[in-house]
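Going line by line, the protein sequences match chains A and B.
Numbered continuously in the working numbering, the first sequence closes out at residue 479.
Numbered continuously in the working numbering, the second sequence closes out at residue 479.
The set of hints was computed from the structure by calculation and includes no laboratory data.
All the pointers check out, no bait thrown in.
No copy is singled out in the list; a pair is fine if it fits within one copy or between any two copies.
Dumping the calculated DSS-like pairs for lysine-lysine here, alpha-carbon to alpha-carbon at most 25 Å:
no., residue 1, residue 2
1, LYS290, LYS231
2, LYS272, LYS178
3, LYS178, LYS430
4, LYS125, LYS110
5, LYS378, LYS442
Model, not experiment: these values are computed from the prediction.
Number of protein chains: 2
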Amino acid sequence: MKSPRITIIATGSEITAGRSIDTNSGWIAQQLFEEGWKVRNFIALPDDPKIILEELKHLKDSVAKDPHTPVLVIMTGGLGSTEDDYSLQCVLELQNKEREVSEKARIKLERLFASRGKSYEEILPTMLRQVYVPEGAKVLDNSAGIAVGFMEEIGNSSYLICMPGVPSEMKEMFSRKLLPILKRTYAPEDLFQETRWIWSIGESMFQEQFMKGQKDLLDAGMEWGVTAQKGYIKAIFQSTNKSLLDEVVKRIESFYGEACSFDVFEEVHRVLIEKQKTVSVAESCTGGLLGKRLTDLPGSSAYFVGGVLTYSNLQKEKSLGVSHSTLEQFGAVSEETCLEMVNGLEKLTDSDCSLSITGIAGPDGGSESKPVGTVWIGVKRKGSSASAHLYRFPGNRETIRENAANTAIYLLHQLLKSN
Amino acid sequence: MKSPRITIIATGSEITAGRSIDTNSGWIAQQLFEEGWKVRNFIALPDDPKIILEELKHLKDSVAKDPHTPVLVIMTGGLGSTEDDYSLQCVLELQNKEREVSEKARIKLERLFASRGKSYEEILPTMLRQVYVPEGAKVLDNSAGIAVGFMEEIGNSSYLICMPGVPSEMKEMFSRKLLPILKRTYAPEDLFQETRWIWSIGESMFQEQFMKGQKDLLDAGMEWGVTAQKGYIKAIFQSTNKSLLDEVVKRIESFYGEACSFDVFEEVHRVLIEKQKTVSVAESCTGGLLGKRLTDLPGSSAYFVGGVLTYSNLQKEKSLGVSHSTLEQFGAVSEETCLEMVNGLEKLTDSDCSLSITGIAGPDGGSESKPVGTVWIGVKRKGSSASAHLYRFPGNRETIRENAANTAIYLLHQLLKSN
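With the rest of the complex left out, here is chain A (with noise of 0.2 Å):
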């Protein structure tokens, strides 16, 4: 079977208002990308018939144009029981249908309003609403609440799914109801995976550096995609031939050693745990970025021991003991202050690891020997001397920021694995 043409559909006023983020639609991907299919578009609409109803009609339409590419449109929303729940009333007016009862979910909402006492006469038209679908669909039971989904055919080998809104109710009934439909009905090819962090390097550097030699592989049907984040990009190779895929992770980790890595947020909170280690930090410029992204994932208080913010000069020779003189001499934003620093929050915190950040993130404070984006940042290992990096990252106050605290987790992971 050829592979559907994918369009995934949220309704929500509160989505195209810019009131609350659409994730259904990205889990959803993901779930099917990871089946190997890829979805072609997503579309967000309002509580709004005319328009869910002239979109519906729309891809429709595109079915019976090409009807030799199967077409799967999921949406999410619109189930519910208040007034502007539209759904169903859109599927019944585009197949130009009846409703029906699916009695299995009203049997279920039947007995949950006898648990409270209420007889099945008292339920809100609205409220029963929701245990209907189009006469003759494919009921998708919700086992996680109230409103049933259903799957519409609408043309060859082409099919409207209704999922609810809610997140919980959505994503089991996509796993066990839907998902295993799908797979009997666009039986996908084996897709394999892998992706690779590098470190100081922007997107088009990372084309014209590597990509360009990779056209064996990309001719061979390897697809590639690359997301650039805040110090580093992540690189995903996708292929059915995996030996392609080995032959390319060969190929980057020997082009680009060291700055090629995995997750480092994951590896250096698994690798503190595994050894044992603590770390802390010391922060000017970040102004505590370092330790709440060092805190992020739960758990890290095995290893954060804490550290101190030292904004100001007076606090970095107060809180760290950084000498005055160097103060003077060096400036704040100095290879100079950024081992004293690192120096002083290790005898401060006695931790295995010391992380210090010392910058410009600008907008001002920038000078030409010291233009904003200038950060040093120092590591040190008990037991080992001190060392200090040099960047000069670009973007503005955020974004230096972002990969100033990056970078540092990124350099605690090399210390880690140096260890």
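Take the given structure of chain A and dock chain B to it, following the hints.
The following block gives chain B in isolation, referenced to the frame of chain A:
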């Protein structure tokens, strides 16, 4: 001018593959809402020029079909320097145009290269592509990056706008360059707006408690929206009739009293600078997030001294002088520890305002008497005695930490107001 029919497009295979969530579209919709415009739909497309072009053609056709309704298409992403950036190419094909260089952007790129000791000739062709726009297009300068945006006419009062997908660049471009043009182009009727933040309350509670009583104002032509934030909600009221807004503001302020505020992040920043006061922080469960947030705005070095991250109990004793017996008797998450933290912090930093946070961010570490989400926040003004405030924040680890940091800034705001 009739309000435009607005479509927001996000391009990026990372979005339609579910690897990354599109936050740009929601942000843009919110900004447009504040100007009184509603968005018709969002579309997310992969980095596939065929699919992008097909969608743009469909939208341009819709302008031709109904020339009396202006159409506004705002597209983000695909303007970067990698091979999978296709926006410019698609627009050129759609409009049947050649590209032309934006001289201003070219000079900026040249200077950037010169500052890295490289000549213009060394600029990669893909990098260079970012300074091109369709011939005759209105250029939208990028003050936070390289890739320029642009605006193309696609029909009667109808425009297609392309902006970079990097949020910081897009936001800057939207606010400074695009919005003023849109306001001139689609001058909305005089629309007045009031925004208030309400602390420690959820959306549904707000609707139940307050909005139900505003039927008279809603019927008279007031619109409203609410965005759930971490620790507070942002309520926005709009009307062409200013007296309705004056009335709702009077009611909301009298209903919520101190829990009703303006943007506290901006106010705290402004007031600290005005009053020449300093602030420092002692953070446990937030791990640096509060310090990070207090240094988000440029110029924060005028007031932010720094502080300590005392994630471990030992560090609370060593850095802040919290007594061992307090920690033993009452625990790290207690009123007593919170007060000793903020008192110790003031001794350490001698700041005018001191803030401390200690809590259980989860998912582990909760108990019956101190469930996950329990957070104590301490505040102290120099010369007054410290106070500690207990919260039970809902949500997961990330939400609890953000709730705690934001609420601490709210408490600082209250402290400064009473000064």
